[in-house]
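Chains as they are written, first to last, in full-length UniProt numbering: chain X, 1 to 354; chain P, 1 to 354.
None of these hints come from the bench; they were simulated from the model.
Any given hint could turn out to be false.
Since copy identity is lost for identical chains, a pair holds within one copy or between any two.
[Stated by the list, open to error] List time: in silico DSS-like cross-link candidates among lysine-lysine, alpha-carbon distance up to 25 Å:
| hint | residue 1 | residue 2 |
| --- | --- | --- |
| 1 | Lys107 | Lys198 |
| 2 | Lys193 | Lys237 |
| 3 | Lys107 | Lys128 |
| 4 | Lys340 | Lys328 |
Here the structure is a predicted model, which is why all the values come from computation and not from measurement.
There are 2 protein chains.
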Amino acid sequence: MKIAQIAPLVESVPPKFYGGTERVVAYLTDALVKLGHNVTLFASGDSITKARLVSVTPTSLRLSNCVDQMAGNILQLQEVMDRSHEFDLLHFHTDYLHFPVTRFCNKKTLTTLHGRLDIPELKPLYKKFNDVPVISISNAQRRPLPIANWVATVYHGLPVDLYQPGNGDGDYVVFLGRFSPEKRVDRAIEIAKRANIKIKIAAKVDKADERYFEKEIRHLLDQPHVEYLQEIGEAEKGPLLANAKALLFPIDWPEPFGMVLIEAMACGTPIIAYNHGSVPEIVDHGKTGFIVNSIEKATEALQNIHLISREDCRATFEKRFSNIVMAKNYVRLYERSLLKQPERSFYLTPAYRK
Amino acid sequence: MKIAQIAPLVESVPPKFYGGTERVVAYLTDALVKLGHNVTLFASGDSITKARLVSVTPTSLRLSNCVDQMAGNILQLQEVMDRSHEFDLLHFHTDYLHFPVTRFCNKKTLTTLHGRLDIPELKPLYKKFNDVPVISISNAQRRPLPIANWVATVYHGLPVDLYQPGNGDGDYVVFLGRFSPEKRVDRAIEIAKRANIKIKIAAKVDKADERYFEKEIRHLLDQPHVEYLQEIGEAEKGPLLANAKALLFPIDWPEPFGMVLIEAMACGTPIIAYNHGSVPEIVDHGKTGFIVNSIEKATEALQNIHLISREDCRATFEKRFSNIVMAKNYVRLYERSLLKQPERSFYLTPAYRK
Numbered sequence: 001m002k003i004a005q006i007a008p009l010v011e012s013v014p015p016k017f018y019g020g021t022e023r024v025v026a027y028l029t030d031a032l033v034k035l036g037h038n039v040t041l042f043a044s045g046d047s048i049t050k051a052r053l054v055s056v057t058p059t060s061l062r063l064s065n066c067v068d069q070m071a072g073n074i075l076q077l078q079e080v081m082d083r084s085h086e087f088d089l090l091h092f093h094t095d096y097l098h099f100p101v102t103r104f105c106n107k108k109t110l111t112t113l114h115g116r117l118d119i120p121e122l123k124p125l126y127k128k129f130n131d132v133p134v135i136s137i138s139n140a141q142r143r144p145l146p147i148a149n150w151v152a153t154v155y156h157g158l159p160v161d162l163y164q165p166g167n168g169d170g171d172y173v174v175f176l177g178r179f180s181p182e183k184r185v186d187r188a189i190e191i192a193k194r195a196n197i198k199i200k201i202a203a204k205v206d207k208a209d210e211r212y213f214e215k216e217i218r219h220l221l222d223q224p225h226v227e228y229l230q231e232i233g234e235a236e237k238g239p240l241l242a243n244a245k246a247l248l249f250p251i252d253w254p255e256p257f258g259m260v261l262i263e264a265m266a267c268g269t270p271i272i273a274y275n276h277g278s279v280p281e282i283v284d285h286g287k288t289g290f291i292v293n294s295i296e297k298a299t300e301a302l303q304n305i306h307l308i309s310r311e312d313c314r315a316t317f318e319k320r321f322s323n324i325v326m327a328k329n330y331v332r333l334y335e336r337s338l339l340k341q342p343e344r345s346f347y348l349t350p351a352y353r354k
Numbered sequence: 001m002k003i004a005q006i007a008p009l010v011e012s013v014p015p016k017f018y019g020g021t022e023r024v025v026a027y028l029t030d031a032l033v034k035l036g037h038n039v040t041l042f043a044s045g046d047s048i049t050k051a052r053l054v055s056v057t058p059t060s061l062r063l064s065n066c067v068d069q070m071a072g073n074i075l076q077l078q079e080v081m082d083r084s085h086e087f088d089l090l091h092f093h094t095d096y097l098h099f100p101v102t103r104f105c106n107k108k109t110l111t112t113l114h115g116r117l118d119i120p121e122l123k124p125l126y127k128k129f130n131d132v133p134v135i136s137i138s139n140a141q142r143r144p145l146p147i148a149n150w151v152a153t154v155y156h157g158l159p160v161d162l163y164q165p166g167n168g169d170g171d172y173v174v175f176l177g178r179f180s181p182e183k184r185v186d187r188a189i190e191i192a193k194r195a196n197i198k199i200k201i202a203a204k205v206d207k208a209d210e211r212y213f214e215k216e217i218r219h220l221l222d223q224p225h226v227e228y229l230q231e232i233g234e235a236e237k238g239p240l241l242a243n244a245k246a247l248l249f250p251i252d253w254p255e256p257f258g259m260v261l262i263e264a265m266a267c268g269t270p271i272i273a274y275n276h277g278s279v280p281e282i283v284d285h286g287k288t289g290f291i292v293n294s295i296e297k298a299t300e301a302l303q304n305i306h307l308i309s310r311e312d313c314r315a316t317f318e319k320r321f322s323n324i325v326m327a328k329n330y331v332r333l334y335e336r337s338l339l340k341q342p343e344r345s346f347y348l349t350p351a352y353r354k
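Just chain X, same shape as in the assembly (with noise of 0.2 Å):
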């Protein structure tokens, strides 16, 4: 099949800096490939890729340091219009910007749409494209817009050979992510004091939650029961979740899809994450980790971390969220969109529209 991915401009990919959407656009890129599919990647000019790679900008737009990000969105939106006969299916992961466009396109298209969409000004805008195909990447991800033309969840993936899959021994359970407030570190140490267990915290402070670090934050990561990393490489994350003893993910938000929850797993780490979002769709509580809603039950369930199997976390990692898995979802879904949506003619106004 003849496949063009539409990535962000933002970042590269995969991103050398932090960014998910790039992340899961390069692994699901490369698996294609290896399929056996013709692809072509749209990115910025310093992405690596099996694929193809169309590129309107030398470089990602986070380090060209540029003025007008559109600029580069609208740029590269045109060049796919340009190119779209070389293609049987379009997969855009750029949000919404080419609605409006790629109605006028007689070229089947797919969109996953990647970030939270618990946004008010978003209510009009999916009801007035709700003819437009949207893949959500967990079905919590879509409660906020029920009304948008939801084709299909497919869970992101990780090339199987990423992480190695260790045995935990550390003696230590791991926070990994940002310090936004949604994110509750606070909650992970808490959890972890009362296990009387050390935790180790690898994390960012974004621009936005420096004043909720300072305020909140950095007195607890004081404690001597407190080991804080700051923000590692991609190098450093294998080894640090394959020695732990459990990833714990004590999140307050409807996260879409937590990526390191399948990190973890992919290094046999079990999870303990709080009921939100994407969580119970992502970890089989008892299996791969626990589901909680206290500090209480985070507790007793990282006493009782030893139930669970880190074999089966791997297997299962490997079973539903590898990038070969995603992109056999993707596939099919193409496939069927090849199939069953109708060729569409040339874009008339509604005055001309039967």
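Once you've looked at the hints, dock chain P against the given chain X.
Chain P alone, transformed into the frame defined by chain X:
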């Protein structure tokens, strides 16, 4: 003629706060209605217009405090496309966001570019879209982007009754606008000092300019010949200009169109301006003011300001810069566009183009 005017959503039309583009769109729209055209204005719901108003958002984006500004813009763009069959011509004031869409639309479009264009990212964009007809607000504005498909320059205009001409006997000069480095209020203060005349300064401090203001400007305002009025309302602007001996406009950047220049002219107030950007297109040297290149020349010009006839200033405003003149210039372009541009057929991807 059935005309759609498409305004930015960030401010209402006219703007409640600062918003040059929305102000011009308001003046143009009302003038087109006055000339007997059937005009629809796409703008935020708190806009006030003599035309038919179509809104996708109840209030301007600035007032709505929304998280995702792009959602409203895309929604409005689709609303325009859905109704495009109702119009002879679509006139956009929303930069380039609509470019990929309007090339699929079998409807004549024109776009006025209101902003500065010396931004590197715009070069490849306008190279890609060099078939899209665009209108400049001064010839100077085009300089960084000779590659764009410029069809005309149309200067901004004001309603003739918006400002009343005055006799300028207030014994002061005036500086109006923002305290940004490129506006060079420091020069204005120095010019007034050397000419031994009082200067009244009505200007606002944008968030981005706070440091510059505190460090470079605030201490200059303490001088005895300076009166700092802070930010003033529309009602105070007229008398302030009408009683001023001259407007000082010692800018340091290629301003695409200085609205305050024609506001001064409307009040009969001569201008002393540095030779940058659109200045020589708006100010007639020796007739409506003096164009200078140094503080010395500016001081000399100020000493000779009695040589400029305030009646000539007002007459030039009425002849060249009223909103009716602006609207007539645009109507001529609309007519030319409807006659000249071949009716666009449905878009074909490049492989099928001949």
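Hints the structure fails to honour: Violated: hint 1 alone.
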